[in-house]
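Student: Using the sequences and the hints given, assemble the complete structure.
From first to last, the protein sequence lines are chains C and V.
Take the first sequence: its position 94, counted from the start at 1, is 94 in our numbering, and no numbers get skipped.
Take the second sequence: its position 264, counted from the start at 1, is 264 in our numbering, and no numbers get skipped.
For the chain V half of the interface with chain C, some residues (derived, Cβ under 8 Å), not all of them:
#, residue
1, ASN81
2, GLY145
3, PHE149
These stretches of chain V come out as covered by chain C in the derived footprint (C-beta under 8 Å, 3 or more residues):
#, stretch
4, 66-77
5, 151-164
6, 252-260
Derived list of chain C stretches under chain V, where covered just means 3 residues or more per stretch with a C-beta under 8 Å from a C-beta of chain V:
#, stretch
7, 634-648
8, 834-843
9, 900-907
10, 938-947
If you're looking for bench data, these hints aren't it; they were derived computationally from the structure.
Note that this is a predicted model, so its numbers are computed, not measured.
In this text, a Cβ means the ideal position worked out from N, Cα and C, and glycines have one as well.
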Amino acid sequence: MNNTHDKPQNDRIDLVSIRARLANEKGKIFWRSLDELSENPEFQKAVDPEFPDNTEVWLDPFGRRKFLKIMAASFAFAGLTACKLPTETLIPNEKIKPYVRPPEEIVPGKPLYFATTIPFAGTATGVLVESHMGRPTKIEGNAEHPASLGGSDVFGQASILTLYDPDRAQTTTYLRESKSWGAFLGAASEALESRRSKGGEGVRFLTGAVNSPTLAKQIKDILAIYPKAKWHQYESGIGDGVRKGAQMAYGEDVNTLYSFSKANIVLSLGSDFLAQGSGNLRYAREFSNRRRTTTEKVLRLYAAESTVTVTGAASDHRLPLKPSDLVGFAKALAASLGVSGVSAGAENAAYKNWVTVLTKELQENKGASIVIAGNEQPAIVHALAHAINQALGNVGNTITYTEPTGFSPEGFNGYVDSLKSLVDDMNSGAVDMLLIAGGNPVYDAPLDFKFADAMEKVALRIHYSLYYDETSELCHWHIPETHYLESWSDARTFDGTASIVQPLIAPLYYGKTIHEVFAGFSDQKDRTSYEIVRAFWQSQNNSPDFESFWRKSLHDGLIAGSALALKTVTLKTDAFASSDVKAAEMEIVFSPDPTIFDGRFANNGWLQELPKPLTKITWDNAVLMSPATAQTLGVSRSFNYYGGERGGNTVDMVEVSHQGQTLKAAAWIVPGHANGCITLHLGYGRKNAGRVGSNTGFNANLIRSSAEFWGGEAKISKVAETYQMACTQGQQVMQGRDHELVRISTFEDYKSGKDDSHEKGHGEKKEGHGEENKPHFGPTHPENLSMYPEWDYSKEYAWGMTIDMTSCIGCNACAVACQSENNVPVIGKEQVAMGRHMHWIRIDRYYTDNEVHEPLENPEAYFQPVPCMQCEKAPCETVCPVNATSHSSEGLNDMVYNRCVGTRYCANNCPYKVRRFNFLQYTDFSTPQLKLLNNPDVTVRSRGVMEKCTYCVQRINYARVEAEKENRPIRDGEIVTACQSVCPTQAIVFGNINDPESKVSKLKAEKRNYSLVEELATKPRTTYLTALRNPNAELKKG
Amino acid sequence: MEANSATAHQHQEPVLKDVIPVVNPGHNFETVSDKISSIVLRERTPITLIMALGIAFLVMNLLMAALTKLLYQGVGVWGLNTPVGWGLDITTFVWWIGIGHAGTLISAILLLMGQKWRTSINRFAEAMTLFAVACAAIFPLFHTGRPWFAAYWLLPIPNTMALWPQFRSPLMWDVFAISTYGSVSLLFWYVGLIPDLGTMRDRAKNQIVKMIYGMLSMGWRGEARHWARYETIYNLLAGLATPLVVSVHTIVSFDFAVSVIPGWHTTIFPPYFVAGAIFSGFAMVLTLLLPARYLFNLHDFVTMRHIENMAKVMLVTGLMVFYGYNMEAFFGWYCGNEYEFYMIYNRMTGPYWWVYWLLIFCNGVAPQVLWIKKVRQNVYILWGITIIVNIGMWFERFIIVVTSLHRDFMPSVWGMYAPTIWEWMLYAGTIGMFIFLMILFVRALPMIPMFEIKTLLPQSKVRHKE
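Tutor: The structure is reproduced here in structure tokens:
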């Protein structure tokens, strides 16, 4: 056990604390000495070598490698958790409604699905959770929920790992010592009682963004009892620009809803609407639906942005602009489109052409276009976006407004301001009792607030969170939060639709829901969250039959008709009076991390190990910069001999100064990043995140100030230090292999038949001209030539998959879904750096330049998810000496884990390198919580065994059994692979290619269907559809 | 050696002035036996040999440490990863198998071709073969993820589950090829030892030693019957071993040639591997024989004739190998296949460029000095060349295994590989084991076949009148 956060007060035995501890301990406890009992750190130090299980040496057998540490059992915690296996927990008398088919009883081996909701950073996504024998194992999107439509994202997919995280806070503690919940309630009510007469003066509540109607009501009620108490809100990953921009434009906060299905032209001003933010899954679906070959009028996306985002990578035209230029561009465009009160500013060659082209495009598509501004953008950009949309008549068509979906304190004017007033109060001594419900402000508050110092002045500090983190350390009380899969709650999503959060499992530890915590501050302290949530909705519901309303809402995963009413707004005439933005030679952009967001997922191994969509970095963040900036600074990187392009990178470090603070961090070159600015993602550099998340990356909050919360002027210089990064795809160039790997074309060429992507890239070797769907090496080539006989699938199914590269946005959801479905282990940064990362489906990112863009400065990016190709003539099958990988009667390359001896010959001979090897014992067999996580339908692999994508063979077999029971063939679409089911853009299609009517067969019949490295004649079952873009001819170079 | 003598005496042996004899003048049956057997039975072990044995033993313990670590934690202690699934393990495996080739070639093919000069060095080379195969066999077993299963799942053992190995897999063929090669080499070596074991038994003074040699000699009394049977079996085994010289490395080359990876998938591999194996085998024989010759004063039996002949074999096979390198490069360009072209381009200019050019220097350029007779006859320079060739041949296998894998079809999964300390320890450990066994061999068995040397003496040339 890691004792680093034990701060020794003194070395003497503290009898008082021993007594207190004994009093609070449940059941019998045994001790050997008073030293042990007092948890004296000296004693611990002496004991550790005697019990090597506890020592660093044991946990860290590979020198610096810490992968075992990451997933290893916490022996100290094991004792606690073993008593709380879900089958043994007290089943609360609260009804949970199963989705789809309510069984009479739980049938072993048959999963049940329940609808629930993931509340996340002020929004919510409806999900279905697969539950095996009472333990949740997999998250799927809820097709009926407006924010999901069946899709899911990386945060949702990975959230299940957090449920079973052994590092989560487990019991209520007071000054680090376990206390009972009752003890806390007693202490809290005592403190409150003494303040009741004063109207709760000095009491403060600090929450994150609140979108739970029940919680909002609870807080309102509490504030009614204690009128002088105050409620503050703070989120470090959500920009205040959205709210302030709306206020600037309309004089009030609004919630903006976009309808991409009605838009022809979309301009993103630094917005990553496809991957992050409220409604992203729905928007990604609508976006991709407007970009299919069957679409009549294909949507065109322009993206002007500083950092390369998933949305920018998916765009047809991308313009890298540093933040101040982005404002200038928005203004120039607004002025050009005739928005009153906006002056275009000085002409800037960087975007001059774009203003002309976009003015024309947008004016041609009045009422059918969208201008959308990003989370990190300043208020002015949001206001300009509103004004442009108004000017174009988009409001009411593609854009609608509602009241904000979140609930805010009175007089709320942004998270930073709200926190500022709290800090001011704390500093002035006006606060003597503080409840921090969610969030980690000691880590992520603006540096200039000196939040920790201010908080020390509060007499009673209570922290409520999932982890015992940086903030908890400085608070008196800590209350463990329940995971959403253990909680009753509710949440409103992007359009205000409310849904119930229902628990899938009783709390694994002694956690409490946020409703129970706030109930502790009210006059009804003993109410359970089930009662609270149900009572709230009972009060909201005026239909006579509440019970059926409640059942239906739980079953569907949403409360029907609860979307917020549309609202009309009028543009303020003086909206842009004060709107000057300071430009600087070098600017910095802060942005939530694509995988761990603002640090709340720092201890989630799946998200830490997930390669960032564009940089493919794992386990770290870095100062992202354009190649030109890197060249000026003289920073570079080199591939290590260990792992190389696919793992270990040695990168130069830079020192970044911003607002008088400096931070040393690794530099990373991102083609397409805007010049003159750098990006630093939030969420890293945590000191007390847990075994997985502590001390990874660089803490952006150390240079983040309230004045320029999302960036501003910065200084950057190279320092003579290097840093080791683990990056899964370092190779930037295609080596002229684009034809075999990534085929691209345009909608226009494709529809007019001019698409020659299946011939392109071969220069003189254009033998296959005019022959559709033939390998490019010529029509005369004996395509079927093989030493081995053809397989016969005529009597069976033949499974196949297509991946539409037009739709794929590289969001990574499939990779995490696969990890969750198939029990893929986390291996740690050192192992990733060795080139061993285990994802069964990897998302390859390729850059290309075309006539429109400068290479490196602004390349086009394409994403290619690569699972196993399930080749017909599989090179892996013939080389395995023990027949551990063999061809199934339905055409899958089956892996027989039991039979595998691990020669790795199959992996060597795989042209696609999709096979993954358990070089060490990667799977954690000892942590009890993590055992619960595993999908029981998939073998858990041990050391020395090869593994790879199976096309989710367990799902195929499940469907087969169901079909055979009903004496019918498996229907098309009945089998949905894990990657397919979560894909927000439906890029992945799976089915029976023996059936010419199946969706996958029809896609494979399309002209743009191709396989990777066709010339090897491996005949993959997984094929790709050419990536089609919709560029504007007017934006071409020269 | 009736058969050989019979063929030999029919020809008028050409009398060449310059030819250095295979056995220096002044020896008779008695002195040959004395000289060779006394190394084992009479002389004190040279102190250098004892020290060498001690060092070799220590180095061999690296093997034990490396294997313990490997079995305890898994293949992950090595530097392997997803594009590069084989590294130093298979590189070294092929290297050792190649070294083992000289023994069989000298014993079998040169025997059948009536090359008399082989007699002084064949036993030494055969022992080397055996120990090299033993070293080689460690790698295919322990490179697997689960050696405890690999140890027998690759064998076609009938079982109730009706599970068989995959007979299409070259690794499967390897199992047969290497085990056949190992057992035939062992038999050949042992049968060739029997007459000399009889001599050792007769000359030993210590009762226990006498008994051991006595058992090993299987009652050899030098009867005509014994000699007749010995000749039959020895020639039969030579016939059996001859195809093995070609087949073993051919099959080892199939591990690569049968795959689809550019740089592996090539038809030139079988002959090129065999030539390379003989090349490295002769280099290793010389590397070991030259010091042994000096240490045990064997100049009379291992003459300049042997050394020069071996140097010539090295030159010829070295040229074949060099031709192979050039053809690889030529076809990389000529075939017009972008993957093949990139493979050779990457070898020459990629991150492992220095390994490639070292290989070209070691195996292609350095052996060219062997055209010069003076070099062939200078044991010091020659020994240096053999070391360079040994290193070069190791690099060759490294280039084939690693540079082909690390950048194949999809640039997105390109990676790099470097061996870890545990791989180097394993490699060093096998060298230690090899030298340890060689030293035990020269100390415990007659390293030069006494009875065969005797057939080369003028005494044995007494002819009956026809």
